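S.K.: Starting from the known structure of chain A, fit chain B onto it as the hints suggest.
Chains as they are written, first to last, in this note's numbering: chain A, 56 to 187; chain B, 553 to 684.
Worth flagging that the hints you see were computed from the coordinates, not collected in a lab.
Treat the hints loosely; a few may be bogus.
Stated by the list, open to error - Calculated lysine to any residue pairs in the SDA-like style (CA-CA distance at most 20 Å, straight line): (1) B:Lys591 x B:Thr670; (2) A:Lys142 x B:Asp609; (3) A:Lys142 x B:Pro643; (4) A:Lys131 x B:Glu573; (5) A:Lys131 x A:Glu181; (6) A:Lys142 x B:His626; (7) A:Lys142 x B:Gly672; (8) A:Lys131 x B:Thr555; (9) A:Lys85 x A:Ala165; (10) A:Lys85 x B:Thr555; (11) B:Lys591 x A:Leu77; (12) A:Lys142 x A:Lys85; (13) A:Lys131 x B:Ala597; (14) A:Lys131 x B:Thr576; (15) A:Lys85 x B:Ala608; (16) A:Lys85 x B:Thr563; (17) A:Lys131 x B:Leu577; (18) A:Lys85 x B:His626; (19) A:Lys131 x B:Ile557; (20) A:Lys85 x B:Asp566; (21) A:Lys142 x B:Asp661; (22) A:Lys142 x B:Ala608; (23) B:Lys662 x B:Ala600; (24) A:Lys142 x B:Gly641; (25) A:Lys142 x A:Asp109; (26) A:Lys131 x A:Tyr103; (27) B:Lys662 x A:Arg150; (28) A:Lys85 x B:Thr622; (29) B:Lys662 x A:Glu140; (30) A:Lys131 x B:Thr575; (31) B:Lys592 x B:Asp629; (32) B:Lys592 x B:His626; (33) A:Lys142 x B:Thr639; (34) B:Lys662 x B:Thr622; (35) A:Lys142 x B:Ile557; (36) B:Lys595 x B:Thr670; (37) B:Lys595 x B:His626; (38) B:Lys595 x B:Gly641.
Keep in mind it's a predicted model, so treat the numbers as computed, not measured.
Chain by chain, the residues:
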Amino acid sequence: MATTTATITINSSDLTGDALSLSTTTTLYKAGQTVGLENTSGVGRTTYTAAVTDTVLFADDSYADAGAHKLYIANKATDATHYIEIKVEAVTLGRLYAGDWMFIPWDADAGTDIKVTTAHAGVVVEYMAIFE
Amino acid sequence: MATTIAQLTLTSSDLLSDTLELTTLASIIAANTNGLTRKKVLKTAVHADALVIYTADDFAAPASIYIKNTADYHASDNIVYVYDDTTSGDPVILKLHGGAFAFMPTNADKTLKAYSSTSGTVLESMVIGTDQ
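Looking at chain A on its own, in the form it has when it is part of the complex:
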């Protein structure tokens, strides 16, 4: 079994009256077990040469149902207006603007494809699944 950890830190000196400094680490386990996730898609990087609508980035039927998979997605665009919109099937999570990233657990149950919409050409998306 592999041991993979994810650490998030959130810092700001001026968002709140006192400095904000948050850091937490989690070990990425399989669903229902204390056994580490063993597979990864690798870090992918796609340039969308034209705007796309609801293009599947992670297809649920490619991963085990009811899993504790983890997804990392980042918008590597440099133009601040170039966003990507992320959906879980038909449910919009939100937009990642240039430089933004997200990290979420994903069970890959049927009807939970992760989809990307871009409004501009040339948007670069970086992504990785760590999965069972």
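M.R.: Relative to chain A, chain B alone:
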């Protein structure tokens, strides 16, 4: 306008034959936050009084959400389900085991609520965005 730095680090010495160490950083330019909250998730199913993580339209789009399940890992207990209370059918968008966290964007126009497989699971969350 405040600046908040959100950084993700994914590391593993044995997921791949080479060491994995991915670090990504986002600068969030936004003036407001609801603060780092820590609350018990009391409901065990979709419910009108389920814990509200974010109320639709409290912030302008885009906003960022951090959510952490503070419980210890367990296969079936203390699993927190985050769902979209605005969309028909209350679709679950995240399933967080104990110790897991998520960081993701939101278009800020949907109410997000949570229930747990075990009443009393403690959830931490924070929304960073711009008041409207």
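S.K.: Each hint should be assessed against the structure and marked as holding or not.
M.R.: Comparing the hints with the structure gives:
1. B:Lys591 x B:Thr670: The hint holds at about 14 Å.
2. A:Lys142 x B:Asp609: holds (19 Å)
3. A:Lys142 x B:Pro643: With a Cα-Cα distance of about 12 Å, the restraint between Lys142 of chain A and Pro643 of chain B holds, given a limit of 20 Å.
4. A:Lys131 x B:Glu573: holds (18 Å)
5. A:Lys131 x A:Glu181: holds (7 Å)
6. A:Lys142 x B:His626: Violated, because 28 Å separates the two Cα atoms, which is more than 20 Å.
7. A:Lys142 x B:Gly672: violated (30 Å)
8. A:Lys131 x B:Thr555: Given that 20 Å is the threshold and the Cα spacing comes to 19 Å, the pair holds.
9. A:Lys85 x A:Ala165: holds (18 Å)
10. A:Lys85 x B:Thr555: Not OK: Lys85 of chain A and Thr555 of chain B at ~35 Å, beyond 20 Å, violated.
11. B:Lys591 x A:Leu77: holds (17 Å)
12. A:Lys142 x A:Lys85: Measuring from Cα to Cα gives roughly 23 Å; hence the hint is violated.
13. A:Lys131 x B:Ala597: Outside the cut-off at roughly 38 Å; violated.
14. A:Lys131 x B:Thr576: Between Lys131 of chain A and Thr576 of chain B the Cα gap is close to 10 Å, so the pair holds against 20 Å.
15. A:Lys85 x B:Ala608: violated (32 Å)
16. A:Lys85 x B:Thr563: holds (16 Å)
17. A:Lys131 x B:Leu577: Satisfied, since the Cα-Cα distance of roughly 11 Å is no more than 20 Å.
18. A:Lys85 x B:His626: holds (11 Å)
19. A:Lys131 x B:Ile557: holds (16 Å)
20. A:Lys85 x B:Asp566: holds (15 Å)
21. A:Lys142 x B:Asp661: holds (14 Å)
22. A:Lys142 x B:Ala608: holds (17 Å)
23. B:Lys662 x B:Ala600: holds (15 Å)
24. A:Lys142 x B:Gly641: holds (16 Å)
25. A:Lys142 x A:Asp109: Distance ~8 Å between Lys142 of chain A and Asp109 of chain A Cα, so the pair holds.
26. A:Lys131 x A:Tyr103: holds (11 Å)
27. B:Lys662 x A:Arg150: Answer holds: Lys662 of chain B to Arg150 of chain A is near 13 Å, not above 20 Å.
28. A:Lys85 x B:Thr622: holds (18 Å)
29. B:Lys662 x A:Glu140: Between Lys662 of chain B and Glu140 of chain A the Cα gap is close to 15 Å, so the pair holds against 20 Å.
30. A:Lys131 x B:Thr575: holds (13 Å)
31. B:Lys592 x B:Asp629: holds (14 Å)
32. B:Lys592 x B:His626: holds (17 Å)
33. A:Lys142 x B:Thr639: holds (13 Å)
34. B:Lys662 x B:Thr622: violated (24 Å)
35. A:Lys142 x B:Ile557: violated (24 Å)
36. B:Lys595 x B:Thr670: The hint holds at about 8 Å.
37. B:Lys595 x B:His626: holds (18 Å)
38. B:Lys595 x B:Gly641: It holds: about 17 Å lies between the C-alpha atoms, which stays within 20 Å.
The structure is inconsistent with the numbered hints 6, 7, 10, 12, 13, 15, 34 and 35, although it conforms to all the rest.
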